[in-house]
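2 protein chains.
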Amino acid sequence: MMRPKRSSDTVHVFNLMVLCFIALFFSSVLCQGKIRRFKWEVKYEFKSPDCFEKLVITINGKFPGPTIKAQQGDTIVVELKNSFMTENVAVHWHGIRQIGTPWFDGVEGVTQCPILPGEVFIYQFVVDRPGTYMYHSHYGMQRESGLIGMIQVSPPATEPEPFTYDYDRNFLLTDWYHKSMSEKATGLASIPFKWVGEPQSLMIQGRGRFNCSNNLTTPPSLVSGVCNVSNADCSRFILTVIPGKTYRLRIGSLTALSALSFQIEGHNLTVVEADGHYVEPFTVKNLFVYSGETYSVLLKADQNPRRNYWITSSIVSRPATTPPATAVLNYYPNHPRRRPPTSESSNIVPEWNDTRSRLAQSLAIKARRGFIHALPENSDKVIVLLNTQNEVNGYRRWSVNNVSYHHPKTPYLIALKQNLTNAFDWRFTAPENYDSRNYDIFAKPLNANATTSDGIYRLRFNSTVDVILQNANTMNANNSETHPWHLHGHDFWVLGYGEGKFNESEDPKRYNRVDPIKKNTVAVQPFGWTALRFRADNPGVWSFHCHIESHFFMGMGIVFESGIDKVSSLPSSIMGCGQTKR
Amino acid sequence: MMRPKRSSDTVHVFNLMVLCFIALFFSSVLCQGKIRRFKWEVKYEFKSPDCFEKLVITINGKFPGPTIKAQQGDTIVVELKNSFMTENVAVHWHGIRQIGTPWFDGVEGVTQCPILPGEVFIYQFVVDRPGTYMYHSHYGMQRESGLIGMIQVSPPATEPEPFTYDYDRNFLLTDWYHKSMSEKATGLASIPFKWVGEPQSLMIQGRGRFNCSNNLTTPPSLVSGVCNVSNADCSRFILTVIPGKTYRLRIGSLTALSALSFQIEGHNLTVVEADGHYVEPFTVKNLFVYSGETYSVLLKADQNPRRNYWITSSIVSRPATTPPATAVLNYYPNHPRRRPPTSESSNIVPEWNDTRSRLAQSLAIKARRGFIHALPENSDKVIVLLNTQNEVNGYRRWSVNNVSYHHPKTPYLIALKQNLTNAFDWRFTAPENYDSRNYDIFAKPLNANATTSDGIYRLRFNSTVDVILQNANTMNANNSETHPWHLHGHDFWVLGYGEGKFNESEDPKRYNRVDPIKKNTVAVQPFGWTALRFRADNPGVWSFHCHIESHFFMGMGIVFESGIDKVSSLPSSIMGCGQTKR
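Sequences listed follow chains Y and H, in order. Under full-length UniProt numbering, read the first sequence as residues 1 to 582, first letter to last. Under full-length UniProt numbering, read the second sequence as residues 1 to 582, first letter to last.
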């Protein structure tokens, strides 16, 4: 009796397997797109990106790292080898939601253990939306050392983009320090507190020009060392254009500190994409870009073609003395090295403290008609997050509702999924508001002392959440800073911006409910507020933080969890730290 | 039938447990000595140990780290918190044999996974012999950043030391670089190769004096920066002595590169201990100390007490321009800051290239009568290790018998114990000799290409092994360097030293079989050889390497295994890397 039955079972199983393989094959070819494999070696090398030689993180010898180009639905596989000597690493895929793969979000302490020296870690995720994204280290302040790059995702052929262009070019914008990441981080974590200061240089596509003979405004240790203006590493970036053609410029900022204004002498820029979402086109003379944001702008080569033009990136929102980064817009067939006839500072930029014009540009960014994601009418919960500068046990910190963030040794995702109840403070009730009646956001905090916690915000799966980012005065009188907040795993609708203290009864009436843009990064302006809404529909554990590297390092962030029970089993590659050793 | 039996069993088990606890209690109190607990926080801080400010690794805010003082048989428990931002750590207890605890030897990649930032690791081991030992980081080139300190172990009251003294003082000697460990390591691992160069300073007990205005011989980046000769961090170390009293000076070297000569103006030093073994006393004007060695010398305060004297540490064996480190021998009640009447360079030191006088001192170091460990008459195996400078795939390396060392991602101890057969190259046949007939040790290698391997030397448990360290010409003509070799987990007998190529039939006849000293670190001189013998009687996996930080980093080391089957089960705290994630 038994044998024939088994045999028929075997045939049945075999048929099922064949069907399964066929299905897998077609789904991967037709639905899930191509698999794109990258092999990266990450290490330190001596480079002179702004003419000053220092250690820079390279990927396969390159800084910035190679651009990942893919099509919507493709699977990206990055086999990353850590070739540092004693330092770990983790890489975040900024703007990629990691649907179904929350363990590959690359946030050390939140979604994975760090990757140890000598080890190879394989990131594997689907790029599920077209647009412009970035990647960077998400570990300590390592991003500042140079582990950065861009991701371009094109739409499927059946869904063309709602604008046309002839060529596609990247403009990754950064600021740059001569001190090492360790020196900066040690200063921030010291008593007395040592601020990192303004950057020595700005860079366009990883190229800046430090004035090697500048020893008036810069401390000697940051000036001296090998500094060579003719080093090829710091030759100006050149964008060569053919007269009459249209260029899509993908502009992303991964600055450590600086808010930027980007402009091209004599040319308008038409904004068409923000953080992977189509924007109802509008034209600007200069584009404000905050750290963590990406934009696509269209540039028409429609000016006098017999000369070249300056492209500049300059600091706004802080009274920095750092000179602008310069690149050259080169009209073919002029010589690429032909200097524009004007001075480098001929681009007109708003004043650094002209908050209103920055706010106006933010308000102008709306979802493109035909590509509007309907806003859920109501939210299930409103979380108001007050951003303040504080002290915790004598250390200078940043806080959210008076709690300064630090993460536990065992990453949250693993602790929550495996129910490791002593891995962090599970009982912590994350504050969903601050004492808004009595707190004067225009004054220095009366009591600057904050607390610290590794507790998190747990959101009901699929609930809709409003977040109000409320800015305030820092610990210095009459001072408030710009903070670009970045949400992992989700895009949010930008409901509105305002000046002063958010009014819970009045301000929501002015929310944009018609065509709000979706983004993953948004700025809150000095003494202002920003309101956003998202649906907690991506199972996992997600970081939400100020994208200024030193601010996050100093505690300016929180963590959301939702749908942890829907997360499938975790790969062992993310283990190895805290309670996850064999 | 069953119940009464169980009950009697229970009583029996209970009695056994009581007995067991009593035995444990007494063994820990009477036999194993005290338990000495230390809580350490390891981090980077800005310090100016040679007047030049840079990041220095501190333990509980101190550089060098605190001295561990214990008695023979005590158990040391160090609860070490890694407070680096992105960097791991591992600490080796230099000279402690770790009998029964091979997993706490602290060698990253050999005996443990590195300790991650934020994590606490507990080292626990018995100090089973009296003497002078050290501790330091054993990870990448991290030792050079300052994670160093001393261990003093006193004998039990029933076994007094064979010499007397009134006071006991430490002299930890180091050299010091202004570049960061990462900058140096990156240069060494680059094509073209960038050598670390000679140190900027020498230090006595963590204090040196860099000439802040010295910008002739030093590259600008190493000079500039904050440099302040009146910084308290770099005030000269002062040894105050009472006339007529005798001082035991425990001298240890943890230099990165330099071989040293230590001397006290106008005073003799009587050598009484080397690497934890009593030495038949002999008197020197200057003591040669190689990196990884410790000595105790007796100093009698028997000179003119109305003045102070210079104590200096200076470089030998390399033509370095680094000035000597100076400290002051202060005769009480002279003012400690009273400058000795002579010039700082008044200590007479042999010429840097006077190899013969160094060799003569090494030969003078013999086991003290009454404390001679009988030498096993014969060895079961002779391993000849040729030390050469080479290239591997265009990278500059050091090799042993033409194999340049690198270790696997999963530490050897774990891989071997858990039989992880793909963790490293188990099939590698470690070369136990070189082509000694045809190799000219006085010439540059004809073919500088070497290979690299993570294979190891497996020794029969309890077998007796002779090792001949054979030096040779580097890749530069007429050049050979001094290499201090350090063996983990064992002390070896020093059989002999010689110049030129070791002669297998003749040289063993001149071995010291009467009173050879036991040590854990021994130098092989330029163009010379050193012979040693040890019994592979400590179950575990043990590193044997050149103690020059950059040489080991460049591959100058091997690993011995013996008795792995006798190693008891490994603690989970050493896991987390390679194949040891959950």
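Hints are supplied without guarantee of correctness; some may be wrong.
When chains are identical, the list treats them as one kind, so a pair holds in a single copy or across two.
[To be verified] The calculated lysine-lysine pairs, modelled on DSS-like cross-linking and capped at a C-alpha distance of 27 Å, are: (1) LYS444 with LYS81; (2) LYS566 with LYS381; (3) LYS62 with LYS39; (4) LYS300 with LYS194; (5) LYS62 with LYS194; (6) LYS194 with LYS81; (7) LYS81 with LYS409; (8) LYS179 with LYS62; (9) LYS409 with LYS62; (10) LYS62 with LYS444; (11) LYS509 with LYS62; (12) LYS444 with LYS34.
Rather than coming from a laboratory, the hints here were simulated on the basis of the structure.
Here's how the hints hold up against the structure:
When the C-alpha separation of LYS444 and LYS81 is checked against a cutoff of 27 Å, the pair qualifies neither within a copy, at 46 Å, nor between copies, at 35 Å. Within a single copy, LYS566 and LYS381 get their C-alpha atoms as close as 21 Å, which meets the 27 Å cut-off; across copies the closest is 61 Å, which misses it. Proximity of LYS62 and LYS39 under a CA criterion of 27 Å is satisfied intra-copy only: 13 Å inside one chain copy versus 42 Å between copies. In this homomeric assembly, LYS300 and LYS194 never come within 27 Å of each other (Cα to Cα): the closest approach is 45 Å inside a single copy and 47 Å across copies.
In the homo-oligomer, the alpha carbons of LYS62 and LYS194 lie at most 27 Å apart only across protomers (20 Å), although the nearest pairing inside one protomer, at 31 Å, exceeds that limit. Taking the closest pair of Cα atoms, LYS194 and LYS81 come within 27 Å of each other only across two copies (23 Å); inside a single copy the shortest separation is 33 Å, beyond that limit. Taking the shortest alpha-carbon separations for LYS81 and LYS409, both the intra-copy value of 22 Å and the inter-copy value of 12 Å come in at or below 27 Å. When the C-alpha separation of LYS179 and LYS62 is checked against a cutoff of 27 Å, the pair qualifies both within a copy, at 20 Å, and between copies, at 23 Å.
When the C-alpha separation of LYS409 and LYS62 is checked against a cutoff of 27 Å, the pair qualifies only between copies, where the shortest distance is 25 Å, while the shortest distance within a copy is 31 Å. In this assembly of identical chains, the alpha carbons of LYS62 and LYS444 never lie at most 27 Å apart, being 44 Å within a copy and 36 Å across copies at closest. Proximity of LYS509 and LYS62 under a CA criterion of 27 Å is satisfied in neither setting, with 49 Å inside one chain copy and 59 Å between copies. In this assembly of identical chains, LYS444 and LYS34 lie within 27 Å of each other by CA distance neither inside one copy nor across copies; the values are 54 Å within and 53 Å between.
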